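Undergrad: What follows is the residue order along each chain.
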Amino acid sequence: MKLPSLRIYAFAYLAFLYAPILLLPIFAFNDGTIIAFPLKGFTLDWFSQMFANDTLGRAVRNSMIIAGSTAVLATAFGIFAARAGTRFSFPGKGPIMGLIMLPLVLPEIMIGGSLLLVLLAIGIELSILTVILGHVLIATPYTIAILNTAFASLDRSLEEAAYDLGEGKLSTFRLITLPLVLPGIISSMLIAFTISLDEFIIAFFLAGNEPTLPTYIFSQLRFPKQIPMIMALGTCLVLLSIILLTIAEYVRRRGLKKTGAKDTGGFL
Amino acid sequence: MNTRAPMIEFQDVHKYYGEYHALRGITATIRAGEFFSLLGPSGCGKTTLLRTIAGFEGISSGAVLIDGKSMENVPANKRPTNMVFQSYAIFPHLTVAQNVGFGLRRDARSKAEKDKLVEEALEMVGLKGYGPRAAHAMSGGQRQRVALARALILKPKVLLLDEPLSALDKKIREQMQVELIKLQREVGITFVLVTHDQEEALVMSDRIAVMFEGEIAQLADPETLYRRPNSRRVADFIGVMNFLPASVTGEANGHIQVEAAGLGAFEIEAAQASAAPAGGQASIGFRPETLTILYEGQTPLDRETPGTIEEVVYYGDMTYYDVKLDGVDVPVRISMRNVFGRPVLDIGTRTRVAWSPGALVLFR
Numbered sequence: 005m006k007l008p009s010l011r012i013y014a015f016a017y018l019a020f021l022y023a024p025i026l027l028l029p030i031f032a033f034n035d036g037t038i039i040a041f042p043l044k045g046f047t048l049d050w051f052s053q054m055f056a057n058d059t060l061g062r063a064v065r066n067s068m069i070i071a072g073s074t075a076v077l078a079t080a081f082g083i084f085a086a087r088a089g090t091r092f093s094f095p096g097k098g099p100i101m102g103l104i105m106l107p108l109v110l111p112e113i114m115i116g117g118s119l120l121l122v123l124l125a126i127g128i129e130l131s132i133l134t135v136i137l138g139h140v141l142i143a144t145p146y147t148i149a150i151l152n153t154a155f156a157s158l159d160r161s162l163e164e165a166a167y168d169l170g171e172g173k174l175s176t177f178r179l180i181t182l183p184l185v186l187p188g189i190i191s192s193m194l195i196a197f198t199i200s201l202d203e204f205i206i207a208f209f210l211a212g213n214e215p216t217l218p219t220y221i222f223s224q225l226r227f228p229k230q231i232p233m234i235m236a237l238g239t240c241l242v243l244l245s246i247i248l249l250t251i252a253e254y255v256r257r258r259g260l261k262k263t264g265a266k267d268t269g270g271f272l
Numbered sequence: 004m005n006t007r008a009p010m011i012e013f014q015d016v017h018k019y020y021g022e023y024h025a026l027r028g029i030t031a032t033i034r035a036g037e038f039f040s041l042l043g044p045s046g047c048g049k050t051t052l053l054r055t056i057a058g059f060e061g062i063s064s065g066a067v068l069i070d071g072k073s074m075e076n077v078p079a080n081k082r083p084t085n086m087v088f089q090s091y092a093i094f095p096h097l098t099v100a101q102n103v104g105f106g107l108r109r110d111a112r113s114k115a116e117k118d119k120l121v122e123e124a125l126e127m128v129g130l131k132g133y134g135p136r137a138a139h140a141m142s143g144g145q146r147q148r149v150a151l152a153r154a155l156i157l158k159p160k161v162l163l164l165d166e167p168l169s170a171l172d173k174k175i176r177e178q179m180q181v182e183l184i185k186l187q188r189e190v191g192i193t194f195v196l197v198t199h200d201q202e203e204a205l206v207m208s209d210r211i212a213v214m215f216e217g218e219i220a221q222l223a224d225p226e227t228l229y230r231r232p233n234s235r236r237v238a239d240f241i242g243v244m245n246f247l248p249a250s251v252t253g254e255a256n257g258h259i260q261v262e263a264a265g266l267g268a269f270e271i272e273a274a275q276a277s278a279a280p281a282g283g284q285a286s287i288g289f290r291p292e293t294l295t296i297l298y299e300g301q302t303p304l305d306r307e308t309p310g311t312i313e314e315v316v317y318y319g320d321m322t323y324y325d326v327k328l329d330g331v332d333v334p335v336r337i338s339m340r341n342v343f344g345r346p347v348l349d350i351g352t353r354t355r356v357a358w359s360p361g362a363l364v365l366f367r
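Listed in order, the protein sequences are those of chains A and B.
This note's numbering applies: residue 5 is where the first sequence begins, and numbers increase by one.
This note's numbering applies: residue 4 is where the second sequence begins, and numbers increase by one.
For reference, chain A alone in the conformation it holds in the complex:
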């Protein structure tokens, strides 16, 4: 940070990242339908309009169900895969792990499109269930990546010691493995939740008539008079993200403190 040009670059970079987000709360409280300076006056109208909107309420509820289910399912699958990948060796492990991680780089539009074709072909009706299906598919690689780290840093002899001291395989997992990888599990659930919450393409393809937050927001952007309400909604979402991130970091640090492990970096 000795060079002034580097400092300027760093500030410009941060401004580019966060200035648009800062505009959200500003216009969410602005008493005017046009998103432009100068500001007109303070109002909470957009928020009350947001809370009164039934379709939005349904979209939020759908998104919460989808994101919550995705978080739990993708993390559960992630635990199985990470456990198998870090602990056992079996024939075809490399290719299998590769295939599981593939959705990370596949274009979502292709995943969404092909899933839609398959679901229609076998006659499954589109609903939030099908969206959950798609979201689990794309979120699982992320959860595996996070949980791999958690499981890999777990000393194998800890489990052997518990087993040696008379515990069964299941109670060993519950008493030793689970508490030690819990911070990883929580991070994984939060990441999967976040991925699902703002995922658009798959939700757009697979939701049928059900709105989710991103598809609802997209549909409303066509109507200029709805934009301040979307700003209010965005403000709430940013706040929610910050809260989630804070919880994740708190849990992670508490886990570290409890087990005395070395801090190798986290979210904050």
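Hints were generated in silico from the structure; no laboratory data involved.
Just so we're clear, the structure is a prediction, and the values are computed from it rather than from any experiment.
Check the hints yourself; a few may be wrong.
[Stated by the list, open to error] Here are the simulated DSSO-like pairs of lysine-lysine, each with C-alpha atoms no more than 30 Å apart in a straight line:
(1) B:Lys117 / A:Lys261
(2) B:Lys158 / B:Lys81
(3) B:Lys185 / A:Lys173
(4) B:Lys160 / A:Lys262
(5) A:Lys173 / B:Lys158
(6) B:Lys117 / A:Lys262
(7) B:Lys119 / A:Lys261
Given chain A, put chain B in place with the hints provided.
TA: Relative to the frame of chain A, chain B by itself:
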């Protein structure tokens, strides 16, 4: 000690990892109440063998018996053994007392009784009052003690120790060696120790099995192992041994006539010859302390051979001399205690070396 009942019996134990033959027909008996060590270089199968006792490794063929019962199909959590792991495997999210009492979880006793047992176990390893502390905050030596208390609280028939001292620094390690011996005598439980440190094995064990490449090369008490190694390889692995080329010239009535470079012709007892054939050229071996450098006016108890000092290594309490015996190309190592009034000799000094055929081992 020979009258003690067998505690662990290996009967022609083989273990394959795919193509790799990790254990090649181990047959041995570990006696009840004995401090037994499995000693060998890394990759010799000693840890694998220990883990077959614990039940963490299955065996490909043969049998492992503990206290007369076959351990086939007995899982690790049902065996009368407990283990102290190389990494100690202290549960980092629990307190010291919770760690030590972990094995009592399934015990029917009341909480008060369990607490008492935990406190006793902690006292036994010198950690009285440490119970409420966080386990992860303990030092290496303390973790070791927690691991010991945790394993011993279940009163196992056999305590397995997988290189338990290798992570400690020298001072604490030596202190723990003595404490472990005392503890073993106190509790009377059979201890099986895996180590690659020959000194540690010699210090601590009643008997030692030296392993190379999945086989037991020699199983004996420390003194026999040190004085009468049954092969050059065992001799080389345990302590320092000098070797000189030799030839056997005759053999009769339990005596062997030998001629060795630098030492001339002499006779040894048949028991001094190693059982395992070395193949090719025979050689005689002797430990550095079985030779003595003679000072002015001293006379040897048995025989003497002239030589020249090539190298001097001063250790404070000891001095190591590399001496080239006349007529031999390779120097032999001689250790001398630096007792009062005995000067350290210089390189190049002509000297006489006292030796005795009784201290030699013949490898052929």
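Undergrad: Determine for every hint whether it applies to the structure shown.
TA: Here is what the structure says about each hint:
no. : hint                : result
1   : B:Lys117 / A:Lys261 : 28 Å, holds
2   : B:Lys158 / B:Lys81  : 13 Å, holds
3   : B:Lys185 / A:Lys173 : 35 Å, violated
4   : B:Lys160 / A:Lys262 : 34 Å, violated
5   : A:Lys173 / B:Lys158 : 22 Å, holds
6   : B:Lys117 / A:Lys262 : 24 Å, holds
7   : B:Lys119 / A:Lys261 : 29 Å, holds
In terms of the numbered hints stated before, the structure departs from hints 3, 4, listed from lowest to highest.
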